[in-house]
Amino acid sequence: MRSSSWTADFLNQLSTGFTVTQIDIPSITLWQIESDAWQRFAELAVQQNLRWAAGWAEQVQDRFLINACFEKQGKYVLLRTIIDVSNPELPSQATVYPAANRSERHTQDMFGIKFVGHPDNRPWTRHQAWIESQYPLRKDFPVQGTPVGITPPDMHYPFIKSHGAGTYEIPVGPVHAGIIEPGHFRFQAVGELILNLEERLGYVHKGIEKIAEGREPESLARLAGRVSGDTTVGHCWAACMAMEQAAGLTIPARAALIRGILAERERIANHMGDIGAICNDVAFVFAQMQFTRLRELWLRTNATVFGHRLLMDRIVPGGVACDLSDESCAQIKKEVVKLREELNEVILALDLNSSLEDRLYTAGFLSEETAAAFGTVGYVGRASGQDRDVRRDAPYAPYDQVTVKVALENQGDIASRLWVRHKEIRASLRLIEKFIDRLAAGDIRAEWQMPVADTEGLGIVDGWRGEIITYVRFDSDNKIARFYPRDPSQLNWPALEKLVLNNIVPDFPVCNKSLNGSYSGNDL
Amino acid sequence: MLRIFKKILTVGVVTERFKAPKDDELEQLGIAIKSHIDKRFSGSIAIRQVDAGSCNGCELEIHALNNPFYDIERFGIHFVASPRHADVLLVTGPVSRHMQTALLRTYEATPNPKWVVAAGDCAACGGEFGVSYASCGAVSNVIPVDVTIPGCPPTPLALMKGLLGLMAAK
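Sequence order for the protein chains is R and X.
For what it's worth, this note's numbering labels the leading residue of the first sequence as 1, then goes sequentially.
For what it's worth, this note's numbering labels the leading residue of the second sequence as 1001, then goes sequentially.
These are computed hints drawn from the structure, not numbers from a lab.
Careful, some of the hints might be misleading.
[Said to hold, decoys possible] Once the Cα atoms are required to be at most 30 Å apart in a straight line, the calculated DSS-like pairs of lysine-lysine come out as:
id	chain 1	residue 1	chain 2	residue 2
1	R	338	X	1006
2	X	1007	R	423
3	X	1006	R	423
[As the list claims (entries may be wrong)] Not close to chain R: a few residues of chain X, all C-beta gaps over 10 Å, as computed:
id	residue
4	1022
5	1030
6	1097
7	1140
Note that this is a predicted model, so its numbers are computed, not measured.
We treat Cβ as the ideally placed atom computed from N, Cα and C, and that holds for glycine.
Between the sequences and the hints, there should be enough to build the whole structure, so can you do that?
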């Protein structure tokens, strides 16, 4: 829907004082610059309203390739600089883009690359599982590492402190009171009011990037499907898209449509779970019971039609692992109609409930400016006026065949994030119907072609949480040299620290649930 | 308010019936139970769930145990907020090295007698992640395990059978 001519203008502006090498890689616009211009590029980019979307590094022989992905109007540009392993330093972009902050700290922990001028060079992903002078993603670091008997706790992380009469600190986690993932939250509070919140994540770091190395496509797809269990379709799709790009493979039309159905089913299942859980966090159990019931029915259809309740491993390199019979299509369409009817009743009951109104409106406010500064994506961004959706802005099959209606709200509170989810469920239901109508007989999987050594791919899809960016580089023999999945949570987590400010501590669970970041997707 | 009551009444009770699982059924599901809950405890167990490094897939299915179809509380099984209130630790994930101490401390904080259920392939054997510089692999590599429930993730039905199997005093 939008023009993508900004790249040419931007390159013209850069031409004074910059050496930009454009490198042709199929489906990626890659600009290579000198490392000392890394920060200056960011300064110009922010003036031109480019959004910082992802950052990662990789080691290729005795050099580090540092990458940052920028986006504007649905056009993605990959920026790269190359530095020597012996002198791993370059200027930080986090000074310009707050969104790059944790990503650069991750790169610092995993590669030992120093981002000069970084506003916060505390460790991020590293706790105590490896020592400070070792870097797991360097090629000479063995995948088994050199663990000591019991990994000690990370005791000395310097949290921000508050002083003054009546202020106090509340440490929460990593083991929480509910059935949720582990992470640590450090509150500074006065009375019940939250003065500051600091997140300390990294507890579920499983070495995903490292254990991906050397895998073959099928095996990588399985791993990608477990980056974040609730986004198994989204991550698996992004990884397969990246690998297919590298291999120069086009998937059959039928496979693309089935992928679309899977992804929208995942979105609906998660949104239903979230709406119920948000209401439950303000003690409105009716909604929780209704939505967990609807979610269970939805997952049971997943099991009977696709063979897995959460749809794991349904997307495979080259296509999908499961076909849809005519009966299944009819069953899904019937279910879509039924769910609409159910939603009409349940949502109306929520909308007219004054106790929900009282708790959800104005709570957990995230301003448009803050959301834009952190580059928040998905329903968190969309509830704060960030009108972005990969499915519409940079459409990929099958979304290029349909009109994607992007749900938007601009109040920025918990209620907005709830209503965006509701609108997205409605939009996804329509998409599922459209995709089923377009299904024509055909293959569901293209034969895999071994990619040439060193080829790269960048898969960008809209997962249920928002934009997922996955980078893949192949080694020789069909093996993966580098896998980096950027979960939407990595951009959304910092927004939580802002949106809880001036809320009361007891409202933290509902604030957190309204954002629902993935710990696993963040920690990798 | 009338809308809410109307919806509750028209939906009715959706809770399904379950029988305590037989041994061959457990075997079929791959559930291994090393020791059963003491007779004095059976009938009511308090569970503290610990995600020690999971991808969150198992948590989604554990959550489902509380939905109206499974309603696990009717069997006297309930989830508690602290290990100090728990009889059983329900552990998921390969144990990430960054969670190793937290899991050990949670285990120590759980009063005796206590049982540990390792739920999901990762917890049972390391799963997709195995043992690495960042992961200790299976839960049994860190704390003693009484029951393993495989699956990626295990279905709510398998989780239910495993927990009921643990409770069935011999």
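Right, here's what the structure says about each hint:
1. R:338 / X:1006: 17 Å, holds
2. X:1007 / R:423: Answer holds: residue 1007 of chain X to residue 423 of chain R is near 21 Å, not above 30 Å.
3. X:1006 / R:423: 24 Å, holds
4. 1022: 23 Å, holds
5. 1030: Fine: 16 Å to the nearest Cβ keeps residue 1030 of chain X off the interface.
6. 1097: Violated: least Cβ distance 4 Å, not greater than 10 Å.
7. 1140: The assertion about residue 1140 of chain X holds, with a minimum of 15 Å to chain R.
The structure is inconsistent with hint 6 alone, although it conforms to all the rest.
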